[in-house]
Amino acid sequence: MKTALMAGALALLMPAMAAAGEYDLTVDRVMIDTGDFVKEGIGYNGASPGPVLRFKEGESVKINVTNNLDEPTSIHWHGLILPFEQDGVPGISFDGIPAGETFTYEFPIVQSGTYWFHSHSGFQEPNGAYGAIVIEPEGREPFRYDREYVVQLTDKHPHDANRVMRNLKMMPDYYNRQQQTVGDFFADISKHGFMTALQDRLAWGDMRMMKADVEDVQGFTGLINGKGPEQNWTGLFEPGERIRLRFINSSAMAYFDIRIPGLEMTVVQADGNNVQPVTVDEFRIGVAETYDVIVRPKTAEAYTIFAESMGRSGYARATLAPEEGMEGPIPELREAPLLTMADMGGMHGMDHGDMAADDASAGMDHGDMSQGAMDPDGMNHDSDMAASAGTSMAGMDHSGMDHGAMIMTEGGASDPFYADGSGLVPVAANGGKFLSYADLRAQKPLYEEREPTREIELRLTGNMERYSWSIDGVKYEDAEPLKLQYGERVRFKFVNETMMTHPMHLHGMWSILDVGAGEWNPVKHTVSVQPGTTVYMETEVDAPGQWAFHCHLSYHAASGMFRKVVVEGGPDQGNTAGVDVAKDGGDA
Amino acid sequence: MTVSKLFIAAAAMSFTATTFAAGSHSGGHGGDIGEPGHADDVSRTIQVEMHDNYYEPEAIEVARGETVRFVIENKGRLVHEFNIGTPDMHEAHRDEMKMMVEHGVIQGGKLNEDMMDMGNGHTMKHDDPNSVLLEPGQKKEIIWTFSTKTNMEFACNIPGHYQSGMYGDVNFDSAADTQARAD
Amino acid sequence: MRTLTLSAVALALTLPSLPALGSDMPQDNSGRKDALTLWGVQFEELEYRYSDDDEELGVWNGDAFYGTDELKFRWQSKGEYAIEEEAYEKLENQLLLQTPISDFFDAKAGVRFDTPEGPDRTYGVLGLSGLAPHWFEVDASLYVSDEGDTSAEFDAEYELLFTNHLILSAALDATIAFTEDREIGVGKGLVSTETGLRLSYDLFHRSFSPYLGVVHERKYGDTADFAEAEGGGTEDWFAVVGARVSF
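Protein chains in written order, with the working numbering: chain X, 1 to 588; chain U, 589 to 771; chain P, 772 to 1018.
Extracted from the complex, chain X is given alone in its bound form (with noise of 0.2 Å):
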């Protein structure tokens, strides 16, 4: 069914026959020095970021992971199909590594491409715990470069994480510096009108949501590869070279959109998955999320990488120069984006009088609308596609929301992934094209098209207020696992009811997007899911065990925006002889 899982079964029958890496990572107590501020973290070998893993895919590695702390930890291979001992999720998938002891990690790899690791205890990923995987894959690349580096980008905090956790659970706007002032009201005025600044004031404030509220937390330093802007992390190139950045969000919290001003980025991989080639101007990282984009620079010049928060409080720079030390023009930060109503859409139980935000949500079915919505004619492009995708979108009434009354977005820009009239929409700085979910296609579908076998409703829950993230109005603490059974297509639906974005990350098998594309939809390992929009993704459940499922924006899923998902049946049921086969061969 699927050829690289197969090669993984073949790989745990034959392990004596696969070359094994070995590799060591130590996780240490480490300074980051960010250009703005020097903090004290965690990190591997040493540094933070640790180390480039560059595996290859059919090899089996052997990591021997030694914790330095006096604190449990673990690592978390994330986007990697492994067996879910190997999957480094303390609690879930094994103990966690002890103070001081090492634990080794023994798995086939059975996948290529452009991937990371992370600590998966408490609060060490934001402090720095992560670093990026790089796997060769065993053919050729569908796509050709001369180099390529990997872009690794964080938020890094001069708080604490266990801190930036307790500030925001004792005031969620703590670090909130973007919100509307007195002085933002009279713009209003004097560009709407009294009136309706008004009206749009007593609505917000009626629902006590903030529309500024894109960014929970602010003040960070945005980092590419472990330096900040100021430190201008460098990579060489020839001009008229073909370069593949492999782009990483590591962050804790932000999004970045991401431009390469003077040079067009062709995307030919997202989450570690080729997808056919798209060329654009601008893209948008969700955290946790990686893009493998190709540029060429043709001529001698120096060009900045800019990556600006989605929420423009911050931003990670970085250069490509044919020679160390040049520089290019480093772009403003851009006008923050504000929320809309239409970004409150999926919120139950507002009482805010003339929007009907329920019958919002249920008709803006952004999963099955997307191709509609990508193709300005309406015409089809897949038999797999609803014929009414088109339609369903224009046909969206959202007479019910007073919108008279509302201070909206200019520009409609728009993206079938954001709720209609969104305020998040991005829009390429160049006017160009920014990438879409919706553009998004597999280069080479992965799985066998089918019917997924059921479909499980994921409302994604909170408390702006309390700092509470939930799934189905439940925390982790209080839930109970989610059960699949091995061998089902699972057809998942996110319905987001908050007003932030979620970046949901399941382990050990696949999400696949659903674009509208059919068996060329698109596979990844962490699906965003936009304030009052409705996201379908499908997974294979082909991995036995235990896994985690979560929201990946760190202090989210900390505060209860998690799952275990236990995988019933399955060649594995009841022992893990296969998996224990696979680490004694491994040994031999």
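Hints were generated in silico from the structure; no laboratory data involved.
These numbers come from a predicted model, not from an experiment.
All C-beta atoms in this analysis are idealised placements derived from N, C-alpha and C, irrespective of residue type, glycine included.
Some hints here could point you the wrong way.
Lysine-lysine pairs mimicking BS3-like chemistry, simulated, CA-CA at most 25 Å apart [what the hints assert, rightly or not]:
id	chain 1	residue 1	chain 2	residue 2
1	U	K663	X	K444
2	U	K737	X	K298
3	U	K698	X	K444
4	P	K879	X	K475
5	X	K433	U	K663
6	X	K433	U	K686
7	X	K444	U	K727
8	U	K737	X	K444
9	X	K298	U	K686
10	U	K727	U	K698
Below, a sample of chain P positions facing chain X; criterion: calculated Cβ distance under 7 Å [to be verified]:
id	residue
11	S873
12	F875
13	T934
Knowing the structure of chain X, use the given hints to seat chains U and P on it.
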């Protein structure tokens, strides 16, 4: 719909012209990249396989004046183009290919021939002598005479394909070239 | 945060069992499976007051909490210390348990100890606190004293952001007595109000925000009469300087 149809029609009218015009501009004279050849003159056949998204081989050697029969087979699951031209010509052609995708003529693994016909005498046919556009499994031939030595590539200009590396170099055999000059 | 967790054992007992899986499946006893247990200390007011009749006061109004989303223990403390007299004009401590009852409101219950100038009082407290529509932070409490007297207190606060750092906060605190407690100078009806306007600047995150302000205190009805009878004033204006502090 009406507007976009007009747009396609307009594009279709300029289609063939643009492809060759780009070549003329860069070289200054018409026969820049050579010309369609005759079967009688074919000295050699080169098999080119299209994959997703690359060619095999990724470079070919030709001699100036040589007439080559290309047998091109699409072994991938997506539509691909084989187009002989200069990098500038390819760049100009990419906008047209982008339009064909945007208007549903090329859809992943499918070529909607019916959509090429605009029904008003205009077509969006992709029938320039220096290129073929193939659905998965299709196999076609081009006979081309490389009468001029210039910087040439064969390329797939479907959006994203060239940029991600679906192109090959046309290298002129220098020994043959010296000989040609001696003549 | 998780180092402060005490409830791991209790939670472990309630963990769901996994009948379909072998016993060798790890059980999540990690900190993640516990409710987040947090603490915090905040002083809304920590200030020096100078009145229109030259009275000088040191005043605080703060609280500390420890607990989870579901249950918090909170210690609220208010005090007014007359600097010249070197004596407390007001000292009030409340020990409360607090639990959410809606998206935006918590119920709280506990005891309040007043050790003012006159006789001490102990009260039972039932209250509500939370965020009302349009961003009014409100707090309402009902008190029953050890003498059997009942009273209520209502607090509301609103913040106006001139910028994201320069913030004007308006606070109103009103006390109503349902019965008279002559001993401590409280008459039936509206007892007193305290209205304050403070202009603060967030100097160091939200941990330290110095402010300048003005506070108006007034006593009403019988309470005012009692105060006058004892030679006190019924109305005071204060200039205040202080800081909002949280850690």
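To see whether the hints hold, each was checked on the structure:
1. U/K663 with X/K444: Given pair U/K663, X/K444 holds - Cα atoms ~13 Å apart, limit 25 Å.
2. U/K737 with X/K298: holds, 23 Å
3. U/K698 with X/K444: Measuring from Cα to Cα gives roughly 15 Å; hence the hint holds.
4. P/K879 with X/K475: Cα-Cα ~23 Å, so holds.
5. X/K433 with U/K663: With Cα atoms ~30 Å apart, X/K433 and U/K663 exceed 25 Å; violated.
6. X/K433 with U/K686: The given pair, whose Cα atoms are some 13 Å apart, holds under the 25 Å limit.
7. X/K444 with U/K727: At roughly 21 Å apart (the allowed maximum being 25 Å), U/K727 and X/K444 satisfy the hint.
8. U/K737 with X/K444: This hinted pair is violated, its Cα atoms lying about 37 Å apart.
9. X/K298 with U/K686: holds, 22 Å
10. U/K727 with U/K698: holds, 15 Å
11. S873: Violated. Min distance 10 Å.
12. F875: holds, 6 Å
13. T934: holds, 6 Å
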